[in-house]
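Novice: Given next are the chains, with one letter for each unit.
There are 2 protein chains.
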Amino acid sequence: MELTAISFFDLVRADLKAVEAELRAAIPEHPQALNAAVNRLVSSGGKRLRPTLALLAARLLDCDRQKMVWVAAAIETLHTATLVHDDLVDGSLLRRGLPTLNVAWSPSATVLTGDYLFARAAQFAAKTDSVPLTHEFARTLETIISGELNQLFASQSPASRDAYFERIYAKTAALFALAAQAAALLTSADEAICEALRTFGREMGMAFQIMDDILDFAGDESKLGKPVGSDLRQGLITLPALCYLETQPGDRDLAAVLKGARNSQTVARAVQAVICSGAIDAARQEAQAYVARAHAALALLPDNAYRHGLAEMADYVVRRNV
Amino acid sequence: MELTAISFFDLVRADLKAVEAELRAAIPEHPQALNAAVNRLVSSGGKRLRPTLALLAARLLDCDRQKMVWVAAAIETLHTATLVHDDLVDGSLLRRGLPTLNVAWSPSATVLTGDYLFARAAQFAAKTDSVPLTHEFARTLETIISGELNQLFASQSPASRDAYFERIYAKTAALFALAAQAAALLTSADEAICEALRTFGREMGMAFQIMDDILDFAGDESKLGKPVGSDLRQGLITLPALCYLETQPGDRDLAAVLKGARNSQTVARAVQAVICSGAIDAARQEAQAYVARAHAALALLPDNAYRHGLAEMADYVVRRNV
Numbered sequence: 008m009e010l011t012a013i014s015f016f017d018l019v020r021a022d023l024k025a026v027e028a029e030l031r032a033a034i035p036e037h038p039q040a041l042n043a044a045v046n047r048l049v050s051s052g053g054k055r056l057r058p059t060l061a062l063l064a065a066r067l068l069d070c071d072r073q074k075m076v077w078v079a080a081a082i083e084t085l086h087t088a089t090l091v092h093d094d095l096v097d098g099s100l101l102r103r104g105l106p107t108l109n110v111a112w113s114p115s116a117t118v119l120t121g122d123y124l125f126a127r128a129a130q131f132a133a134k135t136d137s138v139p140l141t142h143e144f145a146r147t148l149e150t151i152i153s154g155e156l157n158q159l160f161a162s163q164s165p166a167s168r169d170a171y172f173e174r175i176y177a178k179t180a181a182l183f184a185l186a187a188q189a190a191a192l193l194t195s196a197d198e199a200i201c202e203a204l205r206t207f208g209r210e211m212g213m214a215f216q217i218m219d220d221i222l223d224f225a226g227d228e229s230k231l232g233k234p235v236g237s238d239l240r241q242g243l244i245t246l247p248a249l250c251y252l253e254t255q256p257g258d259r260d261l262a263a264v265l266k267g268a269r270n271s272q273t274v275a276r277a278v279q280a281v282i283c284s285g286a287i288d289a290a291r292q293e294a295q296a297y298v299a300r301a302h303a304a305l306a307l308l309p310d311n312a313y314r315h316g317l318a319e320m321a322d323y324v325v326r327r328n329v
Numbered sequence: 008m009e010l011t012a013i014s015f016f017d018l019v020r021a022d023l024k025a026v027e028a029e030l031r032a033a034i035p036e037h038p039q040a041l042n043a044a045v046n047r048l049v050s051s052g053g054k055r056l057r058p059t060l061a062l063l064a065a066r067l068l069d070c071d072r073q074k075m076v077w078v079a080a081a082i083e084t085l086h087t088a089t090l091v092h093d094d095l096v097d098g099s100l101l102r103r104g105l106p107t108l109n110v111a112w113s114p115s116a117t118v119l120t121g122d123y124l125f126a127r128a129a130q131f132a133a134k135t136d137s138v139p140l141t142h143e144f145a146r147t148l149e150t151i152i153s154g155e156l157n158q159l160f161a162s163q164s165p166a167s168r169d170a171y172f173e174r175i176y177a178k179t180a181a182l183f184a185l186a187a188q189a190a191a192l193l194t195s196a197d198e199a200i201c202e203a204l205r206t207f208g209r210e211m212g213m214a215f216q217i218m219d220d221i222l223d224f225a226g227d228e229s230k231l232g233k234p235v236g237s238d239l240r241q242g243l244i245t246l247p248a249l250c251y252l253e254t255q256p257g258d259r260d261l262a263a264v265l266k267g268a269r270n271s272q273t274v275a276r277a278v279q280a281v282i283c284s285g286a287i288d289a290a291r292q293e294a295q296a297y298v299a300r301a302h303a304a305l306a307l308l309p310d311n312a313y314r315h316g317l318a319e320m321a322d323y324v325v326r327r328n329v
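As you go down the protein sequences, you meet chains X and V in turn. Residue 42 in this note's numbering sits at position 35 of the first sequence, with consecutive numbering throughout. Residue 227 in this note's numbering sits at position 220 of the second sequence, with consecutive numbering throughout.
One should not assume that every hint holds.
The list makes no distinction among identical chains, and a pair is therefore deemed to hold if it is satisfied within one copy or across any two copies.
[Said to hold, decoys possible] In silico SDA-like pairs for lysine to any residue, Cα to Cα no more than 25 Å straight-line: (1) K178 x N42; (2) K266 x A116; (3) K266 x A40; (4) K54 x R20; (5) K134 x E198.
Everything labelled a hint here was simulated from the structure, so no lab data went into it. Bear in mind that the values here come from a model prediction, so they are computed numbers and not experimental data.
Whenever a hint applies, use it, and build me the whole structure from the sequences.
Specialist: See the structure below:
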């Protein structure tokens with residue numbers, strides 16, 4: 008499925024252009040190297056799913072155009088800020104096939120550039136002049152960072168579904184929920200509409216992250232821009248491995264990896280075992296169940312082209328191969 | 008001048024207690040180590056000048072009590088967040104005589120704990136339900152971080168007054184200005200009142216930072232909790248050294264340090280030369296000129312005990328010895 012053929016992006020193509028312009032705006036007083044780095048960071052921004060989600064929901068609710076552009080820019084900038092610090096924390100060398108900022112820059116410059124993106128995101132959010140949006144924005148930031156801290160403080164990744172779902176909510180679904188709900192907050196929509204959009208975003212976000220975790224096992228390395236099995240290699244247990252463990256609780260390689268073994272042959276065997284089992288399909292079915300719940304949440308919303316776009320988007324997140 | 012004898016703190020003693028409670032509130036779901044670290048970070052918080060400033064201005068304008076507590080907590084938490092990342096960026100080992108977080112924790116945990124404090128600060132700010140406060144809060148964060156980035160990207164500290172004053176505005180005076188102005192934003196005070204408070208905070212903040220920079224040369228090491236001359240040792244030129252250079256433009260030691268020499272004897276001689284010259288007094292006079300402008304800004308405000316408290320505070324920042 009090619010990106011260019013996907014119609015839900017087309018519904019907000021012009022709005023996305025305006026968001027891009029906000030994201031890339033250089034600050035004349037800033038060092039040229041910083042402007043260039045910020046531009047590179049926001050330009051390598053992948054598929055722009057989060058701003059697209061925010062814009063589709065905003066068009067659905069007939070939200071003020073300038074405000075929807077700012078809120079979409081706030082969400083994408085916040086996302087980029089967390090990635091910059093994430094890559095530093097994880098010591099990641101590649102993201103989307105390109106070197107991370109921490110490869111080229113000192114840790115100091117990377118920390119401050121992430122901070123700068125947080126500040127910029129807060130400014131975009133403030134521009135909407137919306138108290139409820141500001142509350143949710145701050146709360147979501149707290150959820151994301153607390154999730155990362157919990158992960159860092161856990162001595163090892165707990166092999167439990169509850170811990171996994173809690174982690175991917177904080178890591179991904181919380182921001183999707185904010186993106187989906189933002190326009191409802193900006194337009195003071197009915198509580199039921201707000202809740203339906205929030206549910207839609209959260210469930211789609213969960214499905215999106217499960218797919219990401221599936222692709223980490225079963226994806227195409229050249230498209231992912233990183234080797235398969237990288238989560239397990241870092242001792243991080245995700246849904247495919249959890250599904251595998253449920254049918255093969257005695258697997259020695261996976262048990263060793265979960266106990267801290269980082270021997271590349273052991274990890275490679277564990278990754279292969281997960282790939283060759285029914286675990287990938289089982290995980291995919293769970294992602295599809297989330298998408299089904301996302302679809303169900305749409306029923307409350309006005310039936311128009313944008314609602315269809317949101318439905319398409321939910322289907323897309325589990326069909327994508329990158 | 009002992010802290011306990013200073014009456015301006017007493018004017019808002021009860022409010023400060025409420026701020027402390029907000030700052031130290033543990034989050035039950037968080038790892039115990041994180042709660043302990045956050046508590047330690049906010050407890051070693053020095054003199055609480057910024058929240059005291061915010062509270063005095065709030066009492067002066069008869070601001071809602073709960074909102075003033077939140078805004079003071081937001082400002083102190085933001086300040087703490089920037090210090091955590093600052094110490095990491097600078098590789099500082101001590102702050103206020105205690106080991107910095109980056110000494111005890113990994114860079115990763117330090118980055119995320121700083122991020123967490125940013126999120127917590129944003130949540131306190133959002134609780135005030137004030138759009139103008141949210142705007143200023145985000146703008147101030149951007150000013151602070153941009154200032155640090157500019158400093159990091161400058162290949163060496165420029166020996167110019169303009170650059171120095173711009174840097175200390177971003178580093179210190181911007182947040183003092185926000186603290187002083189916050190209550191005016193929360194109470195929708197007249198623009199003239201808002202501007203007078205902002206000016207008061209900014210000018211006092213400039214004086215405060217100049218005094219900090221003087222104490223870095225002329226302070227008592229045991230009280231400062233760090234060796235004298237640490238700025239110059241890091242190649243950072245501050246007002247005392249600038250004043251010295253204006254009378255002794257040919258000083259070889261200082262010229263060598265500014266060109267990057269970090270030889271401890273050269274640095275020690277440069278520090279001694281600045282201390283023994285009239286530069287400390289000259290810098291102190293400039294700090295006092297800022298305080299005089301801060302006093303002048305107060306004239307527009309209602310004449311009550313809190314205005315007197317603010318005036319006392321401005322005098323205090325240039326009289327303190329730590």
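Novice: Next step is simple, just say for each hint if it's right about the structure.
Specialist: Verification of the hints:
no. : hint        : in the structure
1   : K178 x N42  : between (27 Å within a copy, 20 Å between copies)
2   : K266 x A116 : between (34 Å within a copy, 22 Å between copies)
3   : K266 x A40  : between (43 Å within a copy, 22 Å between copies)
4   : K54 x R20   : within (12 Å within a copy, 52 Å between copies)
5   : K134 x E198 : both (23 Å within a copy, 20 Å between copies)
Checked against the numbered hints listed earlier, the structure breaks none of them; every hint is satisfied.
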